[in-house]
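Position chains Z, Y and U relative to chain S; hints supplied.
Number of protein chains: 4
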Amino acid sequence: MTEIDRLREQLRAFAEARDWEKFHSPKNLAMALAAEAGELLEVFQWMTEPQSRDLPPDARARASEEIADVLLYLVRLADTLGIDPIDAANRKIVTNAARYPADKARGSSKKYTEL
Amino acid sequence: MTEIDRLREQLRAFAEARDWEKFHSPKNLAMALAAEAGELLEVFQWMTEPQSRDLPPDARARASEEIADVLLYLVRLADTLGIDPIDAANRKIVTNAARYPADKARGSSKKYTEL
Amino acid sequence: MTEIDRLREQLRAFAEARDWEKFHSPKNLAMALAAEAGELLEVFQWMTEPQSRDLPPDARARASEEIADVLLYLVRLADTLGIDPIDAANRKIVTNAARYPADKARGSSKKYTEL
Amino acid sequence: MTEIDRLREQLRAFAEARDWEKFHSPKNLAMALAAEAGELLEVFQWMTEPQSRDLPPDARARASEEIADVLLYLVRLADTLGIDPIDAANRKIVTNAARYPADKARGSSKKYTEL
Numbered sequence: 004m005t006e007i008d009r010l011r012e013q014l015r016a017f018a019e020a021r022d023w024e025k026f027h028s029p030k031n032l033a034m035a036l037a038a039e040a041g042e043l044l045e046v047f048q049w050m051t052e053p054q055s056r057d058l059p060p061d062a063r064a065r066a067s068e069e070i071a072d073v074l075l076y077l078v079r080l081a082d083t084l085g086i087d088p089i090d091a092a093n094r095k096i097v098t099n100a101a102r103y104p105a106d107k108a109r110g111s112s113k114k115y116t117e118l
Numbered sequence: 004m005t006e007i008d009r010l011r012e013q014l015r016a017f018a019e020a021r022d023w024e025k026f027h028s029p030k031n032l033a034m035a036l037a038a039e040a041g042e043l044l045e046v047f048q049w050m051t052e053p054q055s056r057d058l059p060p061d062a063r064a065r066a067s068e069e070i071a072d073v074l075l076y077l078v079r080l081a082d083t084l085g086i087d088p089i090d091a092a093n094r095k096i097v098t099n100a101a102r103y104p105a106d107k108a109r110g111s112s113k114k115y116t117e118l
Numbered sequence: 004m005t006e007i008d009r010l011r012e013q014l015r016a017f018a019e020a021r022d023w024e025k026f027h028s029p030k031n032l033a034m035a036l037a038a039e040a041g042e043l044l045e046v047f048q049w050m051t052e053p054q055s056r057d058l059p060p061d062a063r064a065r066a067s068e069e070i071a072d073v074l075l076y077l078v079r080l081a082d083t084l085g086i087d088p089i090d091a092a093n094r095k096i097v098t099n100a101a102r103y104p105a106d107k108a109r110g111s112s113k114k115y116t117e118l
Numbered sequence: 004m005t006e007i008d009r010l011r012e013q014l015r016a017f018a019e020a021r022d023w024e025k026f027h028s029p030k031n032l033a034m035a036l037a038a039e040a041g042e043l044l045e046v047f048q049w050m051t052e053p054q055s056r057d058l059p060p061d062a063r064a065r066a067s068e069e070i071a072d073v074l075l076y077l078v079r080l081a082d083t084l085g086i087d088p089i090d091a092a093n094r095k096i097v098t099n100a101a102r103y104p105a106d107k108a109r110g111s112s113k114k115y116t117e118l
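Residue numbers (this note's numbering), protein chains in the order written: chain S, 4 to 118; chain Z, 4 to 118; chain Y, 4 to 118; chain U, 4 to 118.
In short, the hints are calculated from the structure, not lab data.
No more than 20 Å apart at the CA atoms, straight line, and that leaves these computed lysine to any residue pairs for SDA-like:
no.: 1; chain 1: Y; residue 1: Lys-95; chain 2: U; residue 2: Glu-6
no.: 2; chain 1: Y; residue 1: Lys-25; chain 2: S; residue 2: Gln-54
no.: 3; chain 1: S; residue 1: Lys-95; chain 2: S; residue 2: Gly-85
no.: 4; chain 1: Y; residue 1: Lys-25; chain 2: U; residue 2: Pro-104
What the simulated footprint calls covered on chain U by chain Y, stretch by stretch (three residues with Cβ under 8 Å from a Cβ of chain Y suffice, anywhere in the stretch; the number is not a length):
no.: 5; region: 4-16
no.: 6; region: 57-71
no.: 7; region: 81-89
Derived Cβ-Cβ restraints for the label pairs, each shown as a range:
no.: 8; chain 1: S; residue 1: Gly-85; chain 2: Z; residue 2: Gly-110; range: 23 to 31 Å
no.: 9; chain 1: U; residue 1: Ala-100; chain 2: Z; residue 2: Ala-64; range: 45 to 53 Å
no.: 10; chain 1: Z; residue 1: Ser-111; chain 2: Y; residue 2: Arg-102; range: 36 to 44 Å
no.: 11; chain 1: Z; residue 1: Ser-111; chain 2: Y; residue 2: Arg-65; range: 15 to 23 Å
no.: 12; chain 1: U; residue 1: Asp-106; chain 2: S; residue 2: Ala-64; range: 29 to 37 Å
no.: 13; chain 1: U; residue 1: Arg-9; chain 2: Z; residue 2: Met-4; range: 53 to 61 Å
no.: 14; chain 1: Z; residue 1: Asp-22; chain 2: U; residue 2: Pro-53; range: 17 to 25 Å
no.: 15; chain 1: Y; residue 1: Arg-56; chain 2: U; residue 2: Ala-16; range: 16 to 24 Å
no.: 16; chain 1: Y; residue 1: Arg-65; chain 2: Z; residue 2: Arg-65; range: 27 to 35 Å
no.: 17; chain 1: Z; residue 1: Met-4; chain 2: S; residue 2: Ser-111; range: 27 to 35 Å
no.: 18; chain 1: Y; residue 1: Lys-25; chain 2: S; residue 2: Lys-107; range: 32 to 40 Å
no.: 19; chain 1: Z; residue 1: Gly-110; chain 2: S; residue 2: Arg-94; range: 34 to 42 Å
no.: 20; chain 1: U; residue 1: Asp-22; chain 2: Z; residue 2: Ala-105; range: 38 to 46 Å
no.: 21; chain 1: U; residue 1: Asp-8; chain 2: Z; residue 2: Arg-9; range: 51 to 59 Å
None of the values given here were measured: they were computed from a predicted structure.
Where a beta carbon is used, it is the ideal one built from N, C-alpha and C, also for glycine.
Okay, chain S solo, but in the shape it has when bound:
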C-alpha cells in the first residue's frame, strides 16, 4: 500500500465515521479544494517572488498546512471519482514532455504560458 493509498483509506474512514459521505460529492470536494488553493494564494499574494523563495517560519508553516489541505481534498476527490491521481499525474508528465520539447521550450515562459 503506497502513501497515497494510506491517505485515501484514512480519509474514507474519517468521512464514514462522521457520516460525511453525503457532503462529499465530487462537486463539493472540487469547491473545497479550490477554496484551499485560495488560502495558499493568500500566503504569497503580497510577497515578491524572491520573498516567496525564502519564507519566514510562520509563512512556511501556513504554506505547509494549506498544501496538506489541498492534497487531502485532492486524494478524497479522486477517490470519489475512482481516479488514481498518481497514474493521472504520470500520464500528464508524458503528455507535457511531448508538448514542451526541452530544446524548443528552453527558457521561454511564452511556451509555458500555453500549458
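Then chains Z, Y and U, alone, in the frame of chain S:
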C-alpha cells in the same frame, strides 16, 4: 523512493532541462495550482451533485487531467519550499481528528463548514 | 461620475495614503481577487443548491462581504491595468449573445459549459 | 438606473431567455466566478510583477475579457442573493479604513496580509 518522490524528481529534471526554475518561484507555482483548481471547478460548475457522482466519460477524462495538473503543481511547489506534502497531510489528519471528534461532528455540515 | 468610478477613486486614495501602490501590481491583485473568490466558495461548498438559494442570515452576511472583497479587488485591478470593467462587461454581453443564441442554448447546460 | 443595474437587468433577461435560471444557483455561480478568477491568474502566473504592470496587447485583451467574466458572474450572483454589490463594497471600504489606519498601515505588507 515513493511515488511522490518519483514525481518530484521528474518535475525537477523537467524544469531544469527547460531552464524553467526561474519561473518556478513558490508564488508563481501557487498561482498555477490555483488556476488548475479553477479548471477543475469548470468541470463541475453546472452539474448537480448527483451528476457529479456519475460523470460521463468526457467529463471524467477532463477531471482526471485537472487532478493531475493540480497534483503536479502541488508536488513542485512543495519541493521548492522544502516541504514534504505527505508528512504535512499526515499531520493535518491528526489535527482534523482532534478538531472534529466523530461523535460530535456526526452528520453535521455546520461543524464541517468551520474546517 | 458613476458608482464604479467612485469606488475606483476611493481605492486609489486608500492605497496612496498607505503607500500600498508598490504591493498593487496586477499580478498581486489578481491573486488577491482569486483568494477572495476562494472565500466565497467556502460559504457555499457544503450547501446543496437549494440551500444556497435561501441563505440563513450569517451565511448571507458572509457572502455579502466576500462579494464586496471581490468587487473591490476587481475595480482596483482594472484601474492598475487602465481597463474599464463596465465597458469590458458590456462587450462580453454582446459576445455571449452571439455565442449562445437563445433558441439553440435553451435549457442546455452543455452549451453553457463551453462558455 | 446605474451601470451595475443595467448589467443586472441584461443578465436576468439573458438567463430567462435561455431557461438558465435553473443552473444559476448561488452555489453554481460562485463556482463559475472562481473559475474565471482562475483564468485571470493564468494571464499573470509566469510574469514578473513589473511585466504585469506593462502588459503586451494580447495579454491585456485576455485580462480585460476575464475581468468582464468575473464582473458578470459577480453581478449575477449578487442578484440571485438579493445583495447590492455596490452597497456591500461601500460598507467594506468603511470597515477597511477603520481596520487599516493610514498612519499605522503605511508601507507595511504585514498589516495588509491580515486583510
